[in-house]
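J.: Protein sequences appear in the order of chains A and B. So in our numbering, spot 160 of the first sequence is number 576, and the numbers just go up one at a time. So in our numbering, spot 135 of the second sequence is number 347, and the numbers just go up one at a time.
It is possible that some hints are incorrect.
[Claimed, not checked] Partial selection, computed: residues in chain B whose CB lies under 7 Å from chain A:
no., residue
1, Leu-245
2, Pro-249
3, Gly-274
4, Phe-333
5, Thr-357
6, Pro-361
7, Leu-364
8, Val-483
9, Ala-491
10, Met-533
[Unchecked claim] Stretch by stretch, here's where chain A covers chain B in the computed footprint (C-beta under 8 Å, at least three residues):
no., segment
11, 298–307
12, 416–422
13, 455–465
14, 470–482
15, 497–509
16, 537–544
What the hints contain is simulated information worked out from the structure, not anything from laboratory work. Beta carbons: idealized from backbone N, C-alpha and C, even for Gly.
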Amino acid sequence: MSVAVFENPKLTLKVLLRNPLSAIGLIIIALFLAWSLIEGSLQIIGSLTRHPSLGWILLPHNPMAVNLAAGNEPPSLKYLLGTNAEGQDILSRILYAAPIDASVSIITVLSAIIIGGFLGILAGYYGGWIDEIISRITDAFLSIPGLILLLALTILIGSGYFQSMTALIIVWWPIYARLSRAQTLSIKGRYFIDSAKLSGLSDFWILMRHVFPNTIDPVLAYATLDFGNVILTYATLGFLGIGIKPPTPEWGEMVSAGLNELPAYWWTAIFPGLVITIIALSFALVGDGLQDILTGRVNY
Amino acid sequence: MPSMAVYITRRIINMFITLLLLIAIVFTLIHVLAPSPYALARIWVGARVTPQALQAVIKAYGLDKPLYIQFINYVADVFTGNFGIDTMFKRPVLQVMATYLPYTLQLVLTGTVIALIIGVFTGAVAGAKKDTGTDYAIRVIYLVTWSMPPFLVAILLQLLIAYYLGLLPATGVVNPLYTAPKPITGWPLLDAAIEHDWPYFISMIRHLILPATSLALVSFGLTTRLMRNTMIDVINKDYIRTAIMKGLPERSVIYKHAMRNALIPIITIAVLAFATSIAGAVVIEDIFQYHGMGWFTTQALFNLDYPTILGFTFIVGISIMVANLVADLLYAVIDPRIRLE
């Protein structure tokens, strides 16, 4: 039996925390988001008040300061995760970059849910030629692997924080359109929709009040897993050198910069890579747990 | 089977509509982002050209003509495989792609096959031993590899096996000291085999192992998860219980009868795995300096080589649409209960 996951968040949370794997994932995500919020606010306030040093007030070192004398230092008490070729502290750079990845993944997935959900519900609810047009456009987007479409878009839009986010949203919405459409189709024939229609409610009201809340469960369960996918893809863009403009640190870009120092100074590439893995894994664990609850593989 | 013919025709028509839409989307994007003929010509031939050359390109590509004519030309170009001139080598894009495609194909095919083999076996074992330590271990392993960025997997393999252990070459397609075999099929690996150039052949295989394994490691989790879930469903079916109660050995029932039936949905996932591998190949070829389409695409990206990127996008899109069609047909042939509609 499937259960409404997001109607009773307290119960969902309780079930998730009972599974040790999901619990670990949930804790790491909470820490990641809390840190991103604090560090991100400091960076924004710092750039608005022209005191950029506010951005690294909580960090052990200035993440952007070049110190060639301390280049490629191995992990030590002073530099917990070592330094890169420019002598910049790896740990500080990883922490400094966290809000970028958090904001990119949250904004991308939420925009994709809004755009894709809207189009998918329209297609599923009205059917006919509206469905035909929306579904064909969705298919066209989905026929190309995301990363390749992203690369093509990047050439058109250019590289940078907002540019990458725009490209990611363009690539990301179709899967949500397909999900919402399928979900809408499955509830369209139910009696409560019919009775809403018979009682003379407007289409807009039915869609907002009755269809949308009933399609959102599987969408959100998938989205939880998807935050990690966006972080992985964004890191790949950074790795290819088109995610963000230097000198701002970004996890994928850090790995690619460290590639030149292999194999002797392995920590320059491996630590940022591990951080990406841990964050993506946490989202996957929680997403997996939600999926289990949704398909009724877990008892309450 | 008349219904089959109708179905295939309908699918192909649908495919063409999807493809036309794809072209329309790309066309619109280009024109939204590059509003003047000059900006367009720059996209088409690269930034470093003289004004005269730019003028010539505008004439040659008809960039000063009305939009609908440009669109018709554009569609005609795509369908005749004319993706323009590559701005790095100044050769037709299709010709450049043909030289790099065999390497990517051998890489992606090998990677997908390894991924499917690992995925099917780990998934079958996890499903058969549901909720045991083995099941949890397999689940954690595939979730971890799934969550690793492809470039990290590639770097770790390269560090461990090529740099520290020195077992396999770290970069390249083949030992650069060897001379290439005479082109017969245009596929160097096959040519080497035909001409009995075994050192060249073996060198190519040795260079293939690490990148293909990296690809497989990132993508096998998808197969494992599907295989595990279908295995659990199949084992609970009546005919499996009957077979076990009839007194057949449980092992052979699970790994022969159940596994054979659980394999059917894997066909669809194979196409998906292939598609993700093509995208994954872009980064992995970059790290291993494996000069195939993916590596070439990243080069094109840095040089803002628009025609090449677009050509690659279309070729990949078309191949995946065709692969999807083939998978659906295979599905129907293997399991006649599935109605085509």
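J.: Take the segment 537–544 of chain B, compare each residue's beta carbon with every beta carbon of chain A, and decide whether three or more fall closer than 8 Å.
T.: It is violated: at least three residues are needed, and the segment 537–544 of chain B offers just 0 whose Cβ sits closer than 8 Å to chain A.
J.: For the segment 416–422 of chain B, do at least 3 residues have a Cβ located nearer than 8 Å to some Cβ of chain A?
T.: violated (count 0)
J.: Answer holds if the nearest beta-carbon of chain A is closer than 7 Å to that of Pro-361/B; otherwise answer violated.
T.: Holds, about 5 Å.
J.: Checking hints one by one. Is Phe-333/B an interface residue toward chain A, by the C-beta closer than 7 Å rule?
T.: 21 Å, violated
J.: Would you check whether Pro-249/B satisfies its interface hint, that is, whether its CB is within less than 7 Å of any CB in chain A?
T.: 16 Å, violated
J.: Would you check whether Met-533/B satisfies its interface hint, that is, whether its CB is within less than 7 Å of any CB in chain A?
T.: 5 Å, holds
J.: Is the interface hint for Ala-491/B satisfied, with its Cβ closer than 7 Å to some Cβ of chain A?
T.: 4 Å, holds
J.: Three residues or more, CB to CB closer than 8 Å: is that satisfied between the segment 470–482 of chain B and chain A?
T.: Coverage by chain A is violated here, the residue count being 0 at a Cβ distance below 8 Å.
J.: Holds or violated: Val-483/B as interface residue toward chain A, Cβ cutoff 7 Å?
T.: Violated: closest Cβ of chain A sits about 12 Å from Val-483/B, beyond 7 Å.
J.: Using a Cβ cutoff of 8 Å, are there at least 3 residues of the segment 455–465 of chain B near chain A, or does the coverage claim fail?
T.: The restraint on the segment 455–465 of chain B is violated, since only 0 of its residues have a Cβ under 8 Å from chain A and three are required.
J.: For the restraint on Leu-364/B, tell me whether the closest CB of chain A is nearer than 7 Å.
T.: Given a least distance of 4 Å, the restraint on Leu-364/B holds.
J.: At least three residues with a C-beta closer than 8 Å to a C-beta of chain A: is that true for the segment 298–307 of chain B?
T.: violated (count 0)
In summary, the structure is inconsistent with hints 2, 3, 4, 5, 8, 11, 12, 13, 14 and 16 from the numbered list given earlier, while agreeing with the others.
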